[in-house]
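A.B. asks: Protein chains in written order, with my numbering: chain A, 1 to 639; chain B, 1 to 240; chain C, 1 to 293.
Hints listed in this document are in silico derivations from the structure and should not be mistaken for laboratory results.
Be aware that a few hints might be false.
[Said to hold, decoys possible] Here's a subset of chain C near chain B, in silico, CB distances under 7 Å, partners left out: (1) His130; (2) Val180; (3) Thr181; (4) Asn184.
[Claimed, not checked] Where chain C lies over chain B, by a calculated footprint (3+ residues, C-beta under 8 Å): (5) 73-80; (6) 88-101.
This structure is a prediction, so every number in the text was calculated from the model and none was measured.
We put the CB at the ideal spot given by N, CA and C, even for glycine.
Each chain, written out:
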Amino acid sequence: MIQYLISILTEGAIFGIMALGLNVIWGWSGDFDLAYYGYVALGAYMTLVLTIGRQPPPAEYILGLQLPYLVALLGAVVSSALMGLIVGLIALRHLRGIYFSIVTLGAVYVLYVLAGQYVPLFDGYNGLSGLFNPMGDALGLDFQSYQYFFLGFCVFMFILVFIFMARISGSRFGLALRTLREDERAAAAFGRDIYLLKLRAYVLGAAFGGLAGGLFAAYLSAFNPSAWSPIEAIILYSAILVGGKGNIKGVVLGVVVMIVLIQESTRFLPDVPGLPNVVPALREIVIGAVLVLFLRFRPQGLLPERRYVDRLPPNRVDPGVDVLPPPRPGTPDRRPRPARDRDRRSTRAFPPLPAPGAAAGASVRGPLAQDRPEVSTSVPAALVVEGLHKHFGGVVAVDSCSFRVPKGQVTGLIGPNGAGKSTAIDLISGFKLPDAGTIFFEGTAIQGLPPHRISRLGLIRTFQTPREWPGLTVLENVLLARWDPERETLWRGLIGPGRAQRSTSKSELGRAREILADLGLDKLGNERAGNLSGGQKRLVEFARIRMAEPQLVILDEPMGGVNPVLGERMVVAIEGFIASGTSVIIIEHNLPFIERVAHHVVVMSQGSVIATGPFESLRSNQSVIDAYLGEVSGEVSYE
Amino acid sequence: MSNEEAALSVQGLTAGYGGPPIIDQVNLTARRGAITAIVGPNGAGKSTLLKAVAGLIQPTAGRVFVKGKEVTGQPVETLVRRGIAYVPQVENVFPDLTIRENLDMGGYVRKSGVRERVEQLFILFPDLKVSAHRRASTLSGGQRTMLALARGLMIDPAVLILDEPSAGLSPRFQGLIWERIEQIKSTNVAVLIVEQNTRETLRHAQWAYVLVLGRNRLEGTGRDLLEDDEVIDLYVGRLS
Amino acid sequence: MHEVLLTLGFGLVTAAILSLSAVAFTLEYAVTRVANLSHGEILTIGAYAAYLVQQSTGNALLAALAAAAAGGVVALAMHTTVIDRFVRHGVGTMPTFIATLGMSFVIQNVLVIFFGAANVAYTIPQGAPHQVGPFLWTSTEEEIIISALGITAVLYVIITYTKFGKALRAVFQNRDLARVTGINARLVAAATWFLAGLVAGYAGFILAESVGTFNPYFGFSFFLITLTAAVAGGLGKPFSTMAGAIIVGITLEFTGGYISSSYELAFAFAILATIILVRPRGLFTNAGRAIFE
Numbered sequence: 001m002i003q004y005l006i007s008i009l010t011e012g013a014i015f016g017i018m019a020l021g022l023n024v025i026w027g028w029s030g031d032f033d034l035a036y037y038g039y040v041a042l043g044a045y046m047t048l049v050l051t052i053g054r055q056p057p058p059a060e061y062i063l064g065l066q067l068p069y070l071v072a073l074l075g076a077v078v079s080s081a082l083m084g085l086i087v088g089l090i091a092l093r094h095l096r097g098i099y100f101s102i103v104t105l106g107a108v109y110v111l112y113v114l115a116g117q118y119v120p121l122f123d124g125y126n127g128l129s130g131l132f133n134p135m136g137d138a139l140g141l142d143f144q145s146y147q148y149f150f151l152g153f154c155v156f157m158f159i160l161v162f163i164f165m166a167r168i169s170g171s172r173f174g175l176a177l178r179t180l181r182e183d184e185r186a187a188a189a190f191g192r193d194i195y196l197l198k199l200r201a202y203v204l205g206a207a208f209g210g211l212a213g214g215l216f217a218a219y220l221s222a223f224n225p226s227a228w229s230p231i232e233a234i235i236l237y238s239a240i241l242v243g244g245k246g247n248i249k250g251v252v253l254g255v256v257v258m259i260v261l262i263q264e265s266t267r268f269l270p271d272v273p274g275l276p277n278v279v280p281a282l283r284e285i286v287i288g289a290v291l292v293l294f295l296r297f298r299p300q301g302l303l304p305e306r307r308y309v310d311r312l313p314p315n316r317v318d319p320g321v322d323v324l325p326p327p328r329p330g331t332p333d334r335r336p337r338p339a340r341d342r343d344r345r346s347t348r349a350f351p352p353l354p355a356p357g358a359a360a361g362a363s364v365r366g367p368l369a370q371d372r373p374e375v376s377t378s379v380p381a382a383l384v385v386e387g388l389h390k391h392f393g394g395v396v397a398v399d400s401c402s403f404r405v406p407k408g409q410v411t412g413l414i415g416p417n418g419a420g421k422s423t424a425i426d427l428i429s430g431f432k433l434p435d436a437g438t439i440f441f442e443g444t445a446i447q448g449l450p451p452h453r454i455s456r457l458g459l460i461r462t463f464q465t466p467r468e469w470p471g472l473t474v475l476e477n478v479l480l481a482r483w484d485p486e487r488e489t490l491w492r493g494l495i496g497p498g499r500a501q502r503s504t505s506k507s508e509l510g511r512a513r514e515i516l517a518d519l520g521l522d523k524l525g526n527e528r529a530g531n532l533s534g535g536q537k538r539l540v541e542f543a544r545i546r547m548a549e550p551q552l553v554i555l556d557e558p559m560g561g562v563n564p565v566l567g568e569r570m571v572v573a574i575e576g577f578i579a580s581g582t583s584v585i586i587i588e589h590n591l592p593f594i595e596r597v598a599h600h601v602v603v604m605s606q607g608s609v610i611a612t613g614p615f616e617s618l619r620s621n622q623s624v625i626d627a628y629l630g631e632v633s634g635e636v637s638y639e
Numbered sequence: 001m002s003n004e005e006a007a008l009s010v011q012g013l014t015a016g017y018g019g020p021p022i023i024d025q026v027n028l029t030a031r032r033g034a035i036t037a038i039v040g041p042n043g044a045g046k047s048t049l050l051k052a053v054a055g056l057i058q059p060t061a062g063r064v065f066v067k068g069k070e071v072t073g074q075p076v077e078t079l080v081r082r083g084i085a086y087v088p089q090v091e092n093v094f095p096d097l098t099i100r101e102n103l104d105m106g107g108y109v110r111k112s113g114v115r116e117r118v119e120q121l122f123i124l125f126p127d128l129k130v131s132a133h134r135r136a137s138t139l140s141g142g143q144r145t146m147l148a149l150a151r152g153l154m155i156d157p158a159v160l161i162l163d164e165p166s167a168g169l170s171p172r173f174q175g176l177i178w179e180r181i182e183q184i185k186s187t188n189v190a191v192l193i194v195e196q197n198t199r200e201t202l203r204h205a206q207w208a209y210v211l212v213l214g215r216n217r218l219e220g221t222g223r224d225l226l227e228d229d230e231v232i233d234l235y236v237g238r239l240s
Numbered sequence: 001m002h003e004v005l006l007t008l009g010f011g012l013v014t015a016a017i018l019s020l021s022a023v024a025f026t027l028e029y030a031v032t033r034v035a036n037l038s039h040g041e042i043l044t045i046g047a048y049a050a051y052l053v054q055q056s057t058g059n060a061l062l063a064a065l066a067a068a069a070a071g072g073v074v075a076l077a078m079h080t081t082v083i084d085r086f087v088r089h090g091v092g093t094m095p096t097f098i099a100t101l102g103m104s105f106v107i108q109n110v111l112v113i114f115f116g117a118a119n120v121a122y123t124i125p126q127g128a129p130h131q132v133g134p135f136l137w138t139s140t141e142e143e144i145i146i147s148a149l150g151i152t153a154v155l156y157v158i159i160t161y162t163k164f165g166k167a168l169r170a171v172f173q174n175r176d177l178a179r180v181t182g183i184n185a186r187l188v189a190a191a192t193w194f195l196a197g198l199v200a201g202y203a204g205f206i207l208a209e210s211v212g213t214f215n216p217y218f219g220f221s222f223f224l225i226t227l228t229a230a231v232a233g234g235l236g237k238p239f240s241t242m243a244g245a246i247i248v249g250i251t252l253e254f255t256g257g258y259i260s261s262s263y264e265l266a267f268a269f270a271i272l273a274t275i276i277l278v279r280p281r282g283l284f285t286n287a288g289r290a291i292f293e
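With the rest of the complex left out, here is chain A:
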């Protein structure tokens, strides 16, 4: 009985390490990696070839050294990390979703086939054996005490891994990882190098898989293709999902429930006569079925990911915030992405802002932006676009587009749908590659640079739909707006303060709170950002921008899907950007809003710029009217 307990606990500790490693890749970075069990297997194999020495033929395998077990473990970790690096380099560059998963599945099957077929590697189907009581001899333990020792050793390793993960979880590195899972584009727009970050997470996860594999090899004292199957990763996934994806305590709970309890509790069931395989197969069936049920009914798991809670009470209650319509969930979480995009587009066209003074009783705030004296050509340019060109298939979206964005001012970018405004913005911000043309930002050529590099130079953009990081709190969203290369490393995550509240410098936290208060969001600081209404999400985006203090911010249809009541608040926010030295470009269909805030307007139609100047001058510009402003039809004849 004791023997049995020891083996369950040992297995539990080993699987716990595996699950925690996989959680980094899936729970935090958001990649459904099917190659994971391959890293475990490789770790096991490598540990064996590094410890069992040279066995007589026909046993055939690589290496065959007799190193101390701990050294071999290190070797296992390194080799799995290396394999992870190779797979990650290939798979993470361009692939996401099912294509990523399929390629990783391929990778693990290649390993599986090689391990089983290519004998010189790990002796094919015979596999490797002979790792008995590693470290036990050195310590002079007999068989019985060794079991306890090894259990202790595995539990010790597990605790180390858990502490490691706990540090990472609350660190800036951990939060940055999560932004990848929540919304990659927004992460790139705020300076994160997605590829590098995901690669780091992937290699890290693979390394822990290797560690677990090394322990597993010692536990089984042998390893061969019948000891593992690539698809067994599903057991780890069910553990993580059931316990709570992204929450390390949840992951451990999941391992206890799925692997330890289910696997082990059924060990005592009697065999059904005539059907010898019932019990083991039944376990797997339960695991698979539970996985499907949880995916449908409780995808967050038993212990959902816990968010950092800001314990400081909000110091201001803004009545304006309470007037907002109740949050409208249902779109981000429930519906598949394509439907969300459809919904978004249906609210793109909307009528203009209430005339100043009509919105919620707020008084008119200052003169129209354009009435301020404009000094266009003598004002230095924040952005210069020259001859920008982009086509998709046969359609030219942006055609020799050139314009200048004056520094320290608000420039409106308007034009009918299909004029190429959004594509131009994608080109400027690095989300699409131009076919031709140059883009100079504060004197630096940025065409062709990836989005995170452009963002780090001080150019930040928003998107047509609010792209907050829904699973993080509002406060976390704001704190992560600033890319901080020193604090976001893995190393800092480990040795620096653990919980987010300590890992952020006090002043940064204070600043974040201040910004939230300014925008009337302080009561929502601990709210999950995904639960906010469209308008509130927009305000969170503005808070992020304020936090990041860019030189230039590009707002892509900020009024889209937003209650007009918020319009005034947005004007204030935009004026705030200017006041702090940030230049602004706004794409908008809401012309009165543009008239209100923009010093300078660029009009695009059919891919090129057809007019620029202060808004008032454009009203009488015939080509602008024709292309966009439009007149009431009926009397005018059309060709």
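Given the coordinates of chain A, work out where chains B and C should sit on it, guided by the hints.
C.D. replies: Structure of chains B and C alone, referenced to chain A:
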């Protein structure tokens, strides 16, 4: 008002996407041979209303009647057979099919007369006839909208629901679309339309409902609402 | 040259089986946008059904029909109990994908309970190989190719000319718009999965016949190659998938012949990875691959 039965009657309709309702207790009536418009500021729930009436979203409360018969809660594929044609704002044609194939698809529920109907529609939309063999993905925005309209008309609907047909189109095409809509109206179809260019819409509408934050706010003839101060205050800007 | 033709001949047999399996998989995808990781299990169940019927009646034709029927029923069950519910509830692509892996696990182990994990020998008198043009085939292999061609032709007619086929294509292109034209997308999806299941079940039968042995896991291994063919053709496009299957089948036969057939899976994945990295939308389309495009 005539006592002729309304083609479409909606009472107390409440619907949303799973959370709090986007539209709440909305009433409207659309008559044959008339253009009924739904206007209102952004976030009013106009698109949601259309989707609920068309059967793409299940209402949580309220009733819908088509030609006097109750159809509450029926999904869109059934409502099509009852004579409701819905033209979405985006992704409203099958990109890999030709114009003719798109129209054939529109006639999917017809028991007969698909070919004749296509020919009839080619008379109403001569541009489409010229390009009948072209794939829908190669058409311009305006042509695509025309195709989407024609596709909706394939079933000889009693009610034609249009979700911002002129969105993103040049003023020239907007004018053409309104011409077609007027022609469609004169074939005794009840046109229910949500549009962005409010002034233009109210000029053409026989009857209009102003929706604000998901609820009925005002209603009246297009002409009356065009001059109503409250409407102007609500959202009609200085320029549109 | 003779060698090449022989290998080509064997490749065509593999391609025939592969194309049926791949087309079925891609039809499942087309109509629900779900990459069904438990697709291989439909083949496995088809093989077991055929085996049982073969054992009791000795009639290969009945066995083939049983395989198809079992496949159809299983696929329909998969759709109704899991896939359709997930789709209707708005569960995302990835969780549904993971769920199909879970289903695969469940089905494999159910089979293990009832049939054991051991290999089952499926021997059907194959007939002696004889010349058919430049190729050397047994009569069973001939039947496989002819039946595959026949089924493909029937599918072609159904998809291109029938009202159901048009509805299927409409649902694939735009599910909501299809519903707006009056098509009952759920019904079309269910019927398509049933059809795909018939084809896949039969594919399991001919695969077992051709290989001579099977076990609860053999559908899954073959599925990995199926995936390669389906991605090569472009997910959701039945006709280019058939072309993709032929290319993949023949390629595998050649690499298997010249290197070693036990590495088949590894090669298939090498091909798959290359395709996904270079042309994720399939060999026959022009598609960008940067994740932001």
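A.B. asks: For every hint, state whether the structure bears it out.
C.D. replies: We went through each hint and held it up to the structure:
1. His130: C:His130 check fails; min Cβ-Cβ to chain B is 44 Å, beyond 7 Å.
2. Val180: For C:Val180, the interface hint holds, since the closest Cβ of chain B sits about 5 Å away, which is under 7 Å.
3. Thr181: holds (5 Å)
4. Asn184: Interface hint status for C:Asn184: holds (5 Å vs cutoff 7 Å).
5. 73-80: holds (count 4)
6. 88-101: holds (count 8)
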